[in-house]
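Enquirer: Protein sequence lines correspond, in order, to chains A and B.
All residue numbers in the first sequence are consecutive under the working numbering, ending with 449.
All residue numbers in the second sequence are consecutive under the working numbering, ending with 1316.
Hint data in this document are derived by calculation from the structure and do not stem from the laboratory.
In this text, a Cβ means the ideal position worked out from N, Cα and C, and glycines have one as well.
Treat the hints with care, since some could be wrong.
[Unchecked claim] With a straight-line Cα cutoff of 20 Å, these simulated EDC-like cross-link-like pairs (lysine to aspartate or glutamate) come out:
hint : chain 1 : residue 1 : chain 2 : residue 2
1    : B       : K1181     : B       : D1281
2    : B       : K1181     : A       : E301
3    : B       : K1181     : A       : E58
4    : A       : K373      : A       : E301
5    : B       : K1181     : A       : D81
6    : A       : K315      : A       : D355
7    : A       : K351      : A       : E301
8    : A       : K354      : A       : E433
9    : B       : K1181     : A       : E82
10   : A       : K184      : A       : D219
11   : B       : K1153     : A       : E82
12   : B       : K1226     : B       : E1315
[What the hints assert, rightly or not] Which residues of chain A face chain B? A partial, calculated answer using Cβ under 10 Å:
hint : residue
13   : A69
14   : L71
15   : L86
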Amino acid sequence: MLTVNFILTRAYLRAEINSSVASMEAEARILVDQMTKSGYFQGNDDAVNNALLDQMAENWNGRIRIVDAGLRIIRDTYSRDEGMYLTADPVLAALRGGYVNHYDAASHTLYFTEPITSLDENASVIGVIVVNIDTTRIEAPIREQQRNAILLMVIFLVLITFASLILLHYTCKPLNTLALSINKASDGSYRKVNVPNYRETQRISDAFNRTLGRLQILDQSRQEFVSNVAHELKTPITSIRVLADSLMGMGEAPVELYQDFMKDISEEIDRESKIIDDLLSLSRLDNNAIPLNIARTNVNEKMELILKRLAPIAKVRNIELLFESFRPVMADIDDVKLTLAVTNLVENAIKYNKDDGWVKVSLNADYQFFYIKVSDSGVGIPEDALEHVFERFYRVDKARSRATGGTGLGLAISRGIVAMHHGEIKVYSKMGEGTTFVVRIPLHYIEED
Amino acid sequence: MRGIMQRIHAFRKALPFLLAVAMLLPSLRPAFAATAEKEEEAEVSRIYYVSSDGTRLLSCQYELQSSGDEAIRELFTAICGGNFSDGNSAVPSGVTLNHIAWQEDSLVLYLEGNYPEAGTAEETLCRLVIVKTLLAKAGVESVIINVNNEPLKSADGSEVGRIRESDFLMDVATSPDETRKVIVTLYFANENGTALVTEDIMAELSMDETIESGVMRLLIAGPTEKDHRATIPQGVSLLSVSVRNRICYVNVSGAFTSQDNPVSQMLSVYSIVNSLSILADVDQVQLAVDGSSDITMQENISLAAPLSADWSLVEQ
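Construct the complete structure from the given sequences, taking the supplied hints into account.
Expert: Below, the structure is given as structure tokens:
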């Protein structure tokens, strides 16, 4: 901006000088014509014309010298150079009809030369008028203008700086509030954050609140899980305690009674052991501590094995086990883990079934995935419980599962194993009619996440 | 084979040394040349001429072959009808130098031929190049020219006489120390401080000083005549002065209203107003003290409005 100011000032100054020179030249020409007419250059230099010259020079804040055709100074308003010869180049040029003007900003001076022509038809050059001017007065208004402009610019600059600092401060205030709120929330108070001042801060607030919500849920479920685990582990211990107390309280008892009680205690210990094993598996699954042992496997064979192993259990309540295979399926799987996952599903299907019911396992595949469907004619799962069945220790009917001896971790483990294979597990159910679990797993295992 | 390779290697090794010697050789030459030149002693002079379009005075170097009076002739010949690549000689070719003489501190030239007409630029330039070219060699103050056995005359018939280099101004620009003399009338106080008296002074003003500022400067400086008294208190300085629409605006420093005034404030004010009012482009004077005109001096003189001269205060 300052550069523009300087350039403009220079331009204004030049323009001002030029216009001053033009008007002075015009005035000079008038006077000189008058002087020529009155015979000034024929040796008739009268006092009136000289006085007019002096006045003009004074008005212009300058000096006028008149030079004749022989370059001799015949009049000098400073009365110093009369009689000398002004042989400078600008005068030589003027004698040939050229106009010269020269402005020296540094010394604040300006000079111009103009030819004086005779009034007859020859219009020959009979002399030259040489004018020196001090330009301080011409420059003054422009210099002042420049000073004012610079002052204005400086003031403007200062004001703008202040204004933008203030603006910045107020703009950033909500951001600071946001930062403070987030800090407070992350300290553990779970207080929702709300800074609606800007769309951006609102969005950040909302995103943060969602994260906070998820954290809260996570926290909650963690707490629930811990208390669940404690409860589950405690239950068999309590039973053992009761049995042992009764035994000890009985004093003299028949050996058969001891044997019975010991059998019960043994069962409880088994249950406890199973719970602990399942927990360990789950925990290891969660931490990705168990590596996946992928090998190309004949899935059909594995499915048949599972059904064969579970047949005795199904027979107890006369539940029919069916296996349906639409094609031979070869896939990259960890056969031990997948067997466990499917076993859990089939076990559940048998457990939560009617007497004389059925369990159907079907295996199908397309070019990308293979599908294992486990359907049963069991009691079904209520709609509101469907999304929770895969949660750890979740049981729809607590009493029922205790009696049938589950740990509540089976589906969680199955889901974990399916996830490790980068597959998906879904559940469909209708109360009173039955439940179907569908497992979908990629045929080819890709290492990436 | 081996012999050649060895020779090439040797040459390669010697190359830098050879180059160094080759570069040093020329610098040895001046030592030889200097001694040779001393015998020749060609002097360089400057000769003047005019540009082709006649608008500029030019010069170039010229090597003199002769010395003494012969050199003068030689120089004259050089500037007279000589061949210049970018100009013409200022001395017409028909002019010849008959003989030269020495007179006190002047070189007298006896010229013959078609010397330019008096009063023309041609004649002035001819004189100029003669003076500038010859005086440096001649070692004198001035040149006297005779043409066709007659002393050189100006257009009005008078003899030109001694021509000095200082007769010619080569620069249009006016230096700052060149002043102009203007006679101004200043109003100071009389001995008793009862009335104003005049002093006509030859003011020397530089180009950047207006006549108004010159008048103020001299008023502040004080009177020159013995029984006149200053009207402006000590320590007053002029802050600004300008003329607009025939009113002269004068701004002085605060010391103007001080009580330490040799005369009455009435005389102080009107010495300024009267001195400025007699100038051609001033009718009235608007005074200000430290920028403010909202002041009333003693004897109820208000500075608010422009003041006109009061001739009644002047001693008759």
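Enquirer: If a hint holds in the structure, say so; if it doesn't, say that too.
Expert: Here's how the hints hold up against the structure:
no. : hint                : in the structure
1   : K1181(B) x D1281(B) : holds, 18 Å
2   : K1181(B) x E301(A)  : violated, 131 Å
3   : K1181(B) x E58(A)   : holds, 12 Å
4   : K373(A) x E301(A)   : holds, 16 Å
5   : K1181(B) x D81(A)   : holds, 13 Å
6   : K315(A) x D355(A)   : holds, 10 Å
7   : K351(A) x E301(A)   : violated, 24 Å
8   : K354(A) x E433(A)   : holds, 10 Å
9   : K1181(B) x E82(A)   : holds, 14 Å
10  : K184(A) x D219(A)   : holds, 17 Å
11  : K1153(B) x E82(A)   : holds, 18 Å
12  : K1226(B) x E1315(B) : holds, 16 Å
13  : A69                 : holds, 6 Å
14  : L71                 : holds, 4 Å
15  : L86                 : holds, 5 Å
Hint compliance for this structure: hints 2 and 7 are broken, all remaining hints hold.
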